[in-house]
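*Asks:* One-letter residues, chain by chain:
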Amino acid sequence: MARRLTTLRVAPLHPVAWWAWAILLAAAAARTTNPLCLGLILAVAGWVVVSRRPQSTWARSYGTLLRLGALVVVIRVVVQVLFGERIPGHTLFTIPSLALPSWLAGVTLGGPVTADAVVGAACQGLRLAAILGCVGAANALVSPFRLLRCVPAGLYEIAVAVTVAVSFTPQVIASIGKVRDARRLRGRAVSGPAGMRGLAVPVLEGALERSLALAASMDSRGFGRRAVSSTRQRLASAATLAGLLGLAVGVYGVLDSGAPSGLGLPVVGVGALLVIAGLVATSVGSRTRYRPDRWAGREWVTVVVSAAALAAVIVVGRRDAASLAMPVYPLALPAVPPLALLGLLLAALPSVVAPPPIDTSVR
Amino acid sequence: MIVFENMSVTYPDRERPALEGVELAIGEGELALVVGPTGAGKSTLLRSVNGLVPHFSGGRLTGRVLVDGRSTADHRPRDLADVVGFVGQDPDATFVADIVEDELAYSMENLGLSPPTMRRRVEDVLDILNLHSLRQRAIMSLSGGQRQRVAIGAVLTAAPRLLVLDEPTSSLDPISAEEVLAALSRLVHDQGVTIVVAEHRLERIVHAADVIVSVPETAGGVRAGPPAAMLALSSVAPPIVRLAQVAGWDPLPLSVRDARRLAGGLRQRLVVRPAAVGRPTPGPVVATVRRLSARYGRLLALEGVSLDLAAGEVTAVMGRNGAGKTTLLRHLVGLRSPEQGSVTVQGRKPSEMRPAEAVRLVGLVPQDPASMLSADSVVAECRDADHDASLAPGRTRATLERLMPGLSDQIHPRDLSEGQRLALALAIVLAPAPPLILLDEPTRGLDYIAKSRLTVMLRDLAAEGHSVVLATHDVELVADTADRVVVLADGEIITDGPTREVVCHTPGLAPQVARILAPTEWLTVAEVESALVDSGSIR
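If you read the protein sequences in the order shown, they are chains S and A.
Every letter in the first sequence is one number past the one before it in the working numbering, and letter 11, counting from 1, is 11.
Each number in the working numbering corresponds to the 1-based position in the second sequence with 1000 added.
Any given hint might turn out to be false.
To give a feel for the contact side, a few chain A residues facing chain S, derived at Cβ under 8 Å [stated by the list, open to error]:
{"#": "1", "residue": "Pro1077"}
{"#": "2", "residue": "Asp1090"}
{"#": "3", "residue": "Val1096"}
{"#": "4", "residue": "Ala1097"}
{"#": "5", "residue": "Ser1107"}
{"#": "6", "residue": "Met1108"}
{"#": "7", "residue": "Asn1110"}
{"#": "8", "residue": "Gln1136"}
{"#": "9", "residue": "Ala1138"}
{"#": "10", "residue": "Val1155"}
{"#": "11", "residue": "Leu1233"}
{"#": "12", "residue": "Val1236"}
{"#": "13", "residue": "Leu1335"}
{"#": "14", "residue": "Ala1358"}
{"#": "15", "residue": "Ala1389"}
Simulated from the structure, these hints should not be mistaken for laboratory data.
Using N, Cα and C, we set each Cβ at its ideal position, and we do this for glycine too.
Bound-form chain S, shown alone (with noise of 0.2 Å):
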């Protein structure tokens, strides 16, 4: 029964399991800009891409998330350099300043550049390449494909539009490196603006009769088939949609201790409402799953472990919110924060907790 071995499937972790453990994280990240516990969040980030990422096009996209990360932090230092408030401390180098006039409001560009102005804007590009660093996880451990088939019925339109346009994105870079290839092969400039505009029309038509022969295979294999399009469907969508949009500016309210009160728990709980109203009254009847995502311990550990983590980072930032922030002015070493560092490990659990990955690329 070999076969048998080779073609069994251990279910991979849910989707969204993945993503709620990558935004907790990334939660985290954004409360903080000790350097200790961003480098934390990052190596157990990157840890856990590197023993449970799948083979395939979306996990090798994490490399180009972190390059694009260390280019946030070198992009943050310079615009500090530059153009940023003087902070006191120990002078590095003196870079010649230039007063604007008063009614460019008046400020001073240049001036004399610290070690402490350089670390803060270090620590704080630091902080976005950690959250972007998580948002790459995700998506290198879950394709686009396999989170949009978790999609609500209410939405599930929606998620074949989405759907259509992840997968025909390589497909246009295809297009365009064919129609390249042709201009160069009649003798053609291939760059410059005569060569953009060659580009446009063949790269448009080729998407677009690409787009008519798959609705016409989608048509042919029954898309469409069950859609009921009465009133009560398109309400039961559009509050699944006010309830999604109520949940984000809620969560955002929660996450922002800058955001005026209300906008926190009451607008997560009219989204939830929302949501939960809209997915009952779709789910009754259309389309069936195949094979669907389950939700199990594994999905409820993942879950749990990065809440944990996020949980001891705001215990922390309550109790002494000074060991959370890299000091300076006066410079110096970051604060050892064991609580956090303790909960932030525990997220690293879903390397071993999740199943490894099944590899779809090898012939």
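Fit chain A to the given chain S structure using the hints.
*Replies:* Quick look at chain A alone, frame taken from chain S:
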């Protein structure tokens, strides 16, 4: 199973109908093969079976099409999804999911089947199409033949009683095509599925057909009948049928096996050795490839390839899909510059030249000739080409006239047939008179008539002293056209020699005539015919 009653189709903005007065009945469990020249309306006929014509395409359909008793007039394609499975020409454009298993389940999800049913059918289809080892693979990582089988599986899971396929093997190498056709014949024999399939390369499939539906160029002459009778009268016929006509065999054999049993007498009548039919010795070397290696990421595409291409010679590059044929051509034309090794054409490196100069040295007609065309009429296309390569005005148009006389000036390139489009692209490549001409899969979508015209064009070019290179899967074209065959496998040259030697000793590459007349090494019907005429056994 399918009944056409006096069906006519007229597309919008067209004066003449694409199909007219079609009366046709295809029975349960039959494999119907639709044949005819390109542009005759084969696709229209196939697409009207599940209602894509006219529901999706627009246009006017008169008469009736009944599928399993349902009329396509009041059933949209989606309402017929559980009866008709439709597989289009380009499988890549039809995939909705990224993993094989999810793609297979898609139509069942739309039909709202229960999860246990879906599970069972996916397993069934994985077994029938021999896809079980690929179930978790990303579709984009599969080979062409595997993708085509996934596209078939994706409609099969809805358990249709009728399967419609539009040129399912046109871009596949002979072995992958065999895989797909074997799957189809299993479906007909074991599952009782009715199949309607259009295919240009009749030699691949005609032996499995129960009925041939002929769609001639004139709009109103669609007929169906038993294969042997239909082919005896048809203008498009595979080599086996033409050989049988030359040799006077009756009844007409349709499989190599049947033909071999009749061929004993013919082999004795052919007293001359085929090697006597010689070709001129090639001229000076035009292009040189030395120890060329190339890779795409981790994937090795070419490994230490060395090759000399001579003037006046037609070289066929063969090998599986993904063996490195296209990569080799891309290096020769300078679209890729060699990472290791060297490519020179008449002592110069094409990848380092400006495009406008390079076209005078080497030209490539890509796999999809339409991608080269961008103007809105044939004459504008030719004018642009003269301008791009700074040629004397009218040069490209004159070249086209020689390749394909009488093509209308004002016609839009999109409205040309595949063969005409290929001729236009070839004229653009040919006008600057490059000594080296490359063609990538030139016979995709070409019917027998267009193919024999291509053969004449290519032989003429070689006779004028061009070096011609074809990357192709089409063994019949190679037998007709090439002097020399280079076989690539996993990026390495495994065979390089005269066509007759190579194809007769490689079973996967042998043309029909060679397989029928083995061990004597005859390649083409024309050769056999002229030998018979010479020896006086026929007139």
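*Asks:* Compare the structure with each hint and give your call.
*Replies:* Cross-check of the supplied hints:
1. Hint on Pro1077 of chain A holds. Least Cβ distance to chain S is approximately 5 Å, under the 8 Å limit.
2. Against a cut-off of 8 Å between C-beta atoms, the interface hint on Asp1090 of chain A holds, since the closest Cβ of chain S lies about 6 Å away.
3. Contact between Val1096 of chain A and chain S, as hinted, is supported at the beta carbon level, the nearest pair being about 6 Å apart and thus within 8 Å.
4. A hinted interface residue such as Ala1097 of chain A counts as satisfied when its beta carbon comes closer than 8 Å to some beta carbon of chain S; here the least separation is about 6 Å, so the hint holds.
5. Of the supplied interface hints, the one on Ser1107 of chain A holds, with its beta-carbon coming within about 4 Å of a beta-carbon of chain S, less than 8 Å.
6. Interface hint status for Met1108 of chain A: upheld, as the beta-carbon distance to the closest one in chain S is roughly 7 Å, under 8 Å.
7. Residue-level restraint check for Asn1110 of chain A holds (minimum Cβ-Cβ distance to chain S is 4 Å; threshold 8 Å).
8. Annotation: interface hint on Gln1136 of chain A holds; nearest CB of chain S at approximately 5 Å, less than 8 Å.
9. Because the beta carbon of Ala1138 of chain A sits about 4 Å from the nearest beta carbon in chain S, less than 8 Å, this interface hint is met.
10. Nearest Cβ of chain S to the Cβ of Val1155 of chain A: about 6 Å, under the 8 Å cut. The hint holds.
11. Here the hint on Leu1233 of chain A is broken, as its CB sits about 33 Å from the closest CB of chain S, past 8 Å.
12. At its closest, the beta carbon of Val1236 of chain A sits 26 Å from a beta carbon of chain S; the interface hint therefore is violated under the 8 Å criterion.
13. Annotation: Leu1335 of chain A was flagged as interfacial toward chain S, and the flag holds, the nearest CB pair being 5 Å apart, inside 8 Å.
14. Interface hint at Ala1358 of chain A: satisfied, since its Cβ lies 7 Å from the closest Cβ of chain S, which is below the 8 Å cut-off.
15. Interface restraint check for Ala1389 of chain A: the shortest CB-CB distance to chain S comes to about 5 Å, inside 8 Å, so the restraint holds.
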